[in-house]
Structures are given as structure tokens and as C-alpha cells.
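K.L.:
Sequence:
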Amino acid sequence: MRNILLLPHLQLFGKVVLDAEGYAEDPSCLTIVLHEEDHTIGNSLKHILARMTNVEFCGYNVPHPLEDKILLRLQTKQGVVAGTVLLEALTHLETIFACMREKFEASYEEFSKTGES
Numbered sequence: 001m002r003n004i005l006l007l008p009h010l011q012l013f014g015k016v017v018l019d020a021e022g023y024a025e026d027p028s029c030l031t032i033v034l035h036e037e038d039h040t041i042g043n044s045l046k047h048i049l050a051r052m053t054n055v056e057f058c059g060y061n062v063p064h065p066l067e068d069k070i071l072l073r074l075q076t077k078q079g080v081v082a083g084t085v086l087l088e089a090l091t092h093l094e095t096i097f098a099c100m101r102e103k104f105e106a107s108y109e110e111f112s113k114t115g116e117s
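According to the UniProt record's numbering, the sequence shown is numbered sequentially starting from 1.
These are calculated hints, taken from the structure and not from any lab test.
Some hints could be false.
[To be verified] Cut-off 30 Å, straight-line C-alpha distance, at most; resulting in silico cross-link-like pairs (BS3-like, lysine-lysine):
1) K113 - K77
2) K113 - K103
3) K46 - K69
4) K69 - K113
5) K103 - K46
Turn these sequences into a full structure, and let the hints guide you.
P.N.:
Rendered as C-alpha cells:
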């Protein structure tokens with residue numbers, strides 16, 4: 001496993017860790033801000049994380065409708081690093097979105113060909 005907490009900058013995956021001291025003390029709890037994200041990523045991540053066996057709690061909220069960010073909270077079973085689980089979920093989500101894009105582009109191409117005839 002890789003250590004993904006960059007303590008000097010208090011960031012995780014390039015995003016600010018809200019409770020950096022708490023995460024350093026107990027890496028099974030993580031709260032981060034995802035800037036320029038909304039319910040699309042928040043709900044998708046929550047859905048994937050909730051199905052993972054090492055996750056005890058996950059949730060997100062949009063602090064204010066006019067703010068372009070979400071707060072993501074993740075708690076894993078004791079001894080499981082929340083940042084590693086989050087990375088796993090993000091990787092899985094990236095795979096899902098890539099598959100959706102492929103299928104959309106293939107369908108669009110097929111539709112474009114039939115529309116030209």
C-alpha cells in the first residue's frame with residue numbers, strides 16, 4: 001500500500017483535507033472538500049463506497065447551492081486507510097465513466113451513420 005497523505009501540504013489527491021490532524025491520528029476517518037464537483041460525483045462515489053466491505057460510513061453534502069464544491073466524509077473499518085479506499089473507489093468510478101463514454105460514442109456514431117442515409 002502507498003502512503004497517500006501528503007502531510008506538508010495537507011492535501012490528498014490534490015484536494016484539501018479538512019481534518020488533517022484527525023486523519024493523521026486515525027487514517028480510517030477522512031473528510032475532504034472536492035472543488036468544482038457536484039451531486040454527479042458525490043452520489044456516484046457514495047454509491048460505490050457504500051458497497052465496499054471495508055467502509056463503515058460514507059456520505060457527502062453540498063454546503064451551499066451557490067458553492068461549487070462538495071464535502072465527502074468516509075469512515076472505514078479500524079486498520080483500513082480511508083484514503084486508499086477512496087482511491088480504489090475513484091479508480092472504479094473512472095472505469096465506469098470510461099465505459100459509459102465508449103458506449104455513448106459508439107451509439108452516437110451508429111446513429112450518425114443511419115441518420116445520413
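K.L.:
Determine for every hint whether it applies to the structure shown.
P.N.:
Do the hints match the structure? See the list:
no.	hint	verdict
1	K113 - K77	violated (51 Å)
2	K113 - K103	holds (15 Å)
3	K46 - K69	holds (15 Å)
4	K69 - K113	violated (39 Å)
5	K103 - K46	holds (24 Å)
Violated hints, listed in ascending order, are 1, 4; each of the other numbered hints is respected by the structure.
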